[in-house]
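Please model the complete structure; the sequences and the hints are all you need to start from.
Protein chains: 2
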Amino acid sequence: MKKTWLKKYAEAIVKVGANVQRGQDVIIDVATDQAEFATIVADYAYKAGARYVRINFSYEPFSILRINKECIDSLSELKPFDKSMFEYMVERLPVRIFLISENPDGAKNLNHAKSAQVAQRRFPLIKSYREALENKYQWTIAGIPSKEWAKKVFPNLSSHQAQEKLFEAILKVARIDDNPIETWRIHNKNLKAHMDYLNSLKLDYLHYRSSNGTDFKVWLNENVIWLAGGEKTSGSDIFYNPNMPTEEVFTSPIAGKAEGIVHASKPLSYNGQLIEDFYFVFKEGKVVEAHAAKNEPLLKQMISMDKGASMLGEVALVPFESPVNQSGILFYNTLYDENAACHLALGIGFTNLYKDYEKYSKEELTKLGINDSMIHVDFMIGTADLLIEGHTKDGQIIPIFKNGTWAN
Amino acid sequence: MKKTWLKKYAEAIVKVGANVQRGQDVIIDVATDQAEFATIVADYAYKAGARYVRINFSYEPFSILRINKECIDSLSELKPFDKSMFEYMVERLPVRIFLISENPDGAKNLNHAKSAQVAQRRFPLIKSYREALENKYQWTIAGIPSKEWAKKVFPNLSSHQAQEKLFEAILKVARIDDNPIETWRIHNKNLKAHMDYLNSLKLDYLHYRSSNGTDFKVWLNENVIWLAGGEKTSGSDIFYNPNMPTEEVFTSPIAGKAEGIVHASKPLSYNGQLIEDFYFVFKEGKVVEAHAAKNEPLLKQMISMDKGASMLGEVALVPFESPVNQSGILFYNTLYDENAACHLALGIGFTNLYKDYEKYSKEELTKLGINDSMIHVDFMIGTADLLIEGHTKDGQIIPIFKNGTWAN
Chain A
2 MKKTWLKKYA EAIVKVGANV QRGQDVIIDV ATDQAEFATI VADYAYKAGA RYVRINFSYE
62 PFSILRINKE CIDSLSELKP FDKSMFEYMV ERLPVRIFLI SENPDGAKNL NHAKSAQVAQ
122 RRFPLIKSYR EALENKYQWT IAGIPSKEWA KKVFPNLSSH QAQEKLFEAI LKVARIDDNP
182 IETWRIHNKN LKAHMDYLNS LKLDYLHYRS SNGTDFKVWL NENVIWLAGG EKTSGSDIFY
242 NPNMPTEEVF TSPIAGKAEG IVHASKPLSY NGQLIEDFYF VFKEGKVVEA HAAKNEPLLK
302 QMISMDKGAS MLGEVALVPF ESPVNQSGIL FYNTLYDENA ACHLALGIGF TNLYKDYEKY
362 SKEELTKLGI NDSMIHVDFM IGTADLLIEG HTKDGQIIPI FKNGTWAN
Chain B
2 MKKTWLKKYA EAIVKVGANV QRGQDVIIDV ATDQAEFATI VADYAYKAGA RYVRINFSYE
62 PFSILRINKE CIDSLSELKP FDKSMFEYMV ERLPVRIFLI SENPDGAKNL NHAKSAQVAQ
122 RRFPLIKSYR EALENKYQWT IAGIPSKEWA KKVFPNLSSH QAQEKLFEAI LKVARIDDNP
182 IETWRIHNKN LKAHMDYLNS LKLDYLHYRS SNGTDFKVWL NENVIWLAGG EKTSGSDIFY
242 NPNMPTEEVF TSPIAGKAEG IVHASKPLSY NGQLIEDFYF VFKEGKVVEA HAAKNEPLLK
302 QMISMDKGAS MLGEVALVPF ESPVNQSGIL FYNTLYDENA ACHLALGIGF TNLYKDYEKY
362 SKEELTKLGI NDSMIHVDFM IGTADLLIEG HTKDGQIIPI FKNGTWAN
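Sequences listed follow chains A and B, in order. Anchor point for the first sequence: position 97 equals 98 in our numbering, and the numbering is continuous, going up by one each time. Anchor point for the second sequence: position 17 equals 18 in our numbering, and the numbering is continuous, going up by one each time.
Hints listed in this document are in silico derivations from the structure and should not be mistaken for laboratory results. There may be inaccurate statements among the hints.
Given that identical chains are not distinguished, each listed pair holds provided it fits within a single copy or across any two copies.
Stated by the list, open to error - In silico lysine to any residue, SDA-like type, Cα no more than 20 Å apart, as pairs: (1) K80 x Y130; (2) K70 x Q22; (3) K166 x Y198; (4) K148 x E37; (5) K48 x L76; (6) K48 x L66.
Below you can see the structure in the form of structure tokens.
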């Protein structure tokens with residue numbers, strides 16, 4: 002991977018994605034084999050004025066070994082230094098940069114049941130920290146190709162060639178060109194136009210239909226807005242882009258109000274495994290049936306994690322002509338694949354989309370219809386012939402998507 | 002590097018080096034590019050009954066970037082989670098395993114002056130933790146070849162070949178054979194015989210002479226013992242081997258009592274730079290002159306770090322026929338190179354060598370002659386014709402080393 006492009010990408014991650022401000026702390030999460038790129042990102046964070054930069058390195062085979070070998074008590078407890086780290090984060094609100102490079106097949110040997118149990122036991126211990134942090138700090142997720150990931154995407158190329166090719170694709174779909182800062186300014190502006198239009202419609206529900214069998218309605222919350230592209234931190238109004246790339250306009254629907262059948266249009270990579278050819282039947286907002294041609298038990302485990310895991314937290318609209326879809330590549334990674342197509346997410350919704358959300362407690366927002374859960378899993382439902390109609394409370398029908406893309 | 006040998010080595014590190022006990026916590030420190038080996042070590046730690054294993058990954062170019070770019074206040078302060086980590090260590094006494102693989106030339110771009118300043122400012126903040134931990138927990142240091150290190154040792158080989166060859170050499174000098182546990186049992190027994198003999202002599206001072214110009218006397222403390230090979234933790238009497246390899250029998254001399262000239266017999270790798278062809282003149286226990294053909298300013302900075310940095314903390318005897326010397330390899334790393342030859346160390350001494358050391362405070366032990374400093378830097382003085390005579394208080398002269406090896 003050419004150093005000049007690594008630098009351009011790193012700079013965009015710091016300036017466009019995280020929008021690091023002078024005097025802020027920055028924490029970069031990255032796999033051990035991407036230490037070099039993380040260090041380039043750290044360098045740009047210092048250039049942007051970061052006071053302190055920390056890199057949290059992880060190595061998936063060790064993380065898996067730990068879960069498989071360690072007793073569940075030790076795995077589940079918050080160590081004192083973990084607590085201290087959360088307290089520090091709540092106090093200093095460090096910017097978080099997540100550089101992801103996971104091997105889609107990396108978690109094959111993981112004890113998934115134990116892992117889920119650990120997540121369930123840890124969740125209440127970290128819940129208060131998560132809530133205290135929610136919407137308060139800038140964060141961004143960007144990908145960088147590991148050998149294993151690249152070989153999964155391009156199995157017929159050498160490791161080196163596959164990494165080069167995946168990196169090229171990543172740059173392209175993340176809109177990293179000669180002047181990514183200007184390109185992203187325009188891109189954010191276009192996304193905002195769609196977002197403003199959707200917000201102006203005040204829709205009651207969306208009706209999805211596709212030749213793959215999807216026929217599904219999901220109700221929207223009149224106090225919840227559509228969002229796209231960048232966001233602002235709630236305390237200090239700093240604009241940042243949580244995802245690079247981002248092509249979606251999305252909202253949180255009413256957690257308990259959805260009906261019909263939804264067929265996934267792409268496989269889902271979950272806990273390092275691929276769930277393929279699956280569909281859900283919704284009744285009164287909940288998944289009442291889940292079927293998959295491959296890894297159905299994992300799919301069922303996923304929606305059983307907690308009460309909110311079988312309800313929707315997100316509805317997202319992505320046009321068929323998105324760069325990710327144009328690339329023709331299945332990335333085996335949600336960050337990319339979710340930007341190829343319209344999708345839904347099971348699990349926790351976005352509280353910051355609720356009007357004046359800062360006035361409400363988390364519990365109140367859950368009661369007001371924003372789903373709560375320890376999971377948030379996107380799955381793709383967009384197809385080439387997807388039709389989405391918006392229904393207003395006074396009976397108007399407004400075409401939103403036709404043939405898989407924006408109707409307006 | 003063959004998996005079977007990686008496993009045998011990892012097992013020996015856990016069982017012989019650290020001697021991990023059932024229920025103990027284990028922290029492994031390692032560079033990001035050695036994550037795979039660290040995970041094998043972690044696996045053996047779990048097999049030995051470890052309750053919790055943590056890996057601290059580091060990446061030298063990032064560590065250097067941080068020091069060069071970050072403000073000195075942020076670098077010097079103990080972050081709350083660092084404090085919490087120290088408190089945890091004092092409470093739980095986790096076993097520490099340090100897997101070292103440093104590029105001998107890795108710190109070329111480091112701002113050494115700033116780095117030294119940071120160490121000086123951090124030292125008082127961590128001193129109480131260090132003292133609370135001293136001699137209380139098992140720890141071990143073992144090497145694993147990085148590409149850069151291997152290329153430094155074998156510049157004419159390919160990276161891969163160099164790594165293979167350095168790994169072979171590491172296994173050989175660390176006495177990792179088909180049954181390293183039995184081999185180390187015998188090795189520790191032999192070292193103990195030399196140690197017991199030296200302790201029985203009750204020497205007043207040692208007199209070193211060599212054809213390279215060394216003519217040097219260092220006085221010994223009657224209450225300080227010689228030690229070799231393994232040690233025991235002070236609280237729980239667990240036997241462990243702090244260094245793999247270890248060939249030395251060593252003690253802490255009287256900090257303020259040494260006279261004469263000492264020529265280094267091998268270069269010193271310090272802060273990632275090589276100090277070559279150097280010698281010290283000692284007067285009343287202190288370095289009063291320091292000269293080096295290469296990197297003299299760094300040498301002088303080193304001995305100026307604090308009061309104790311110009312006085313001796315260690316005297317170590319290593320025979321000329323040690324496996325490290327037999328290998329004929331300059332490892333550019335103290336762990337190995339110190340086991341090739343007799344050496345001295347400037348800086349902090351070993352308080353646990355003082356008789357009934359647990360009865361004394363750190364300050365009392367300093368007054369009793371054990372040197373204190375933030376540094377501890379070994380340098381080699383052993384040569385093929387080194388003569389060491391031991392002088393007793395009643396005027397006896399006992400040959401200790403002749404022609405570079407044990408006289409007895």
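Verification of the hints:
1. K80 x Y130: both (14 Å within a copy, 18 Å between copies)
2. K70 x Q22: between (41 Å within a copy, 16 Å between copies)
3. K166 x Y198: Neither: 37 Å inside a chain and 66 Å across chains, both beyond 20 Å.
4. K148 x E37: This pair counts as both: shortest intra-copy Cα distance 14 Å, inter-copy 15 Å.
5. K48 x L76: between (37 Å within a copy, 16 Å between copies)
6. K48 x L66: Only across copies: K48 and L66 sit 12 Å apart there, 37 Å inside one copy, limit 20 Å.
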